[in-house]
Structure formats: C-alpha cells, structure tokens
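Asker: Under this note's numbering, the first residue of the sequence shown is numbered 1, with each subsequent residue one higher.
Among the clues, some could well be false.
Said to hold, decoys possible - Straight line, CA to CA, 20 Å or less: simulated SDA-like cross-link-like pairs of lysine to any residue:
no. : residue 1 : residue 2
1   : 51        : 40
2   : 51        : 62
3   : 51        : 61
In short, the hints are calculated from the structure, not lab data. Keep in mind that this is a model prediction, so the values were computed, not measured.
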Amino acid sequence: MTHVNPDPEPERTTGLEPGGSVPPGETPPAESSMPEAGPRETHNPTKGWSKAPLTLILGLVVLIAAFFLVYALVLIL
1 MTHVNPDPEP ERTTGLEPGG SVPPGETPPA ESSMPEAGPR ETHNPTKGWS KAPLTLILGL
61 VVLIAAFFLV YALVLIL
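Sequences are here, hints too, so could you generate the full structure?
Answerer: Here's what the structure looks like:
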C-alpha cells in the first residue's frame, strides 16, 4: 500500500511565491483527496434520537426552567 502525499509540491505548483504563499488575485492550488481517510461507517444509524433520551432531556430542561422561574418569583415577593 503506497501513501499519497495530499500536499502540493511548492517547486512544481504554479502561482506560489517562494515562501509557499499565494499572491493576491491568484487561486490557491486545489487539495487532493486522501485515499487512506478510513473505512466507510455503515453501522451507525442515520435516524435521529430515540424518544426516551429526548423526552428525558426535555423534561430536565423544563424542570430547570421551572426552578429558576420559582426562584425569581420568590426573590421578587
């Protein structure tokens, strides 16, 4: 298995200044894709959250909001 370097070679890339930067008005060189990026993940579900965790999170948010509302009312009265 060979490794392909995704970075362009500055000596062979047109439009680059000596330090490797791109002069104003010039389009930078395109990046190549990395063939060794990793395996395709097929085991993860594509659907959203299940109902139970989402319900628990929403319930916790409502309880915290109610707590701060009651706390604000106690401070006012």
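Asker: Does each hint hold? Answer for all of them.
Answerer: Hints versus structure:
| no. | hint | in the structure |
| --- | --- | --- |
| 1 | 51 <-> 40 | 27 Å, violated |
| 2 | 51 <-> 62 | 16 Å, holds |
| 3 | 51 <-> 61 | 15 Å, holds |
Checked against the numbered hints above, the structure violates only hint 1.
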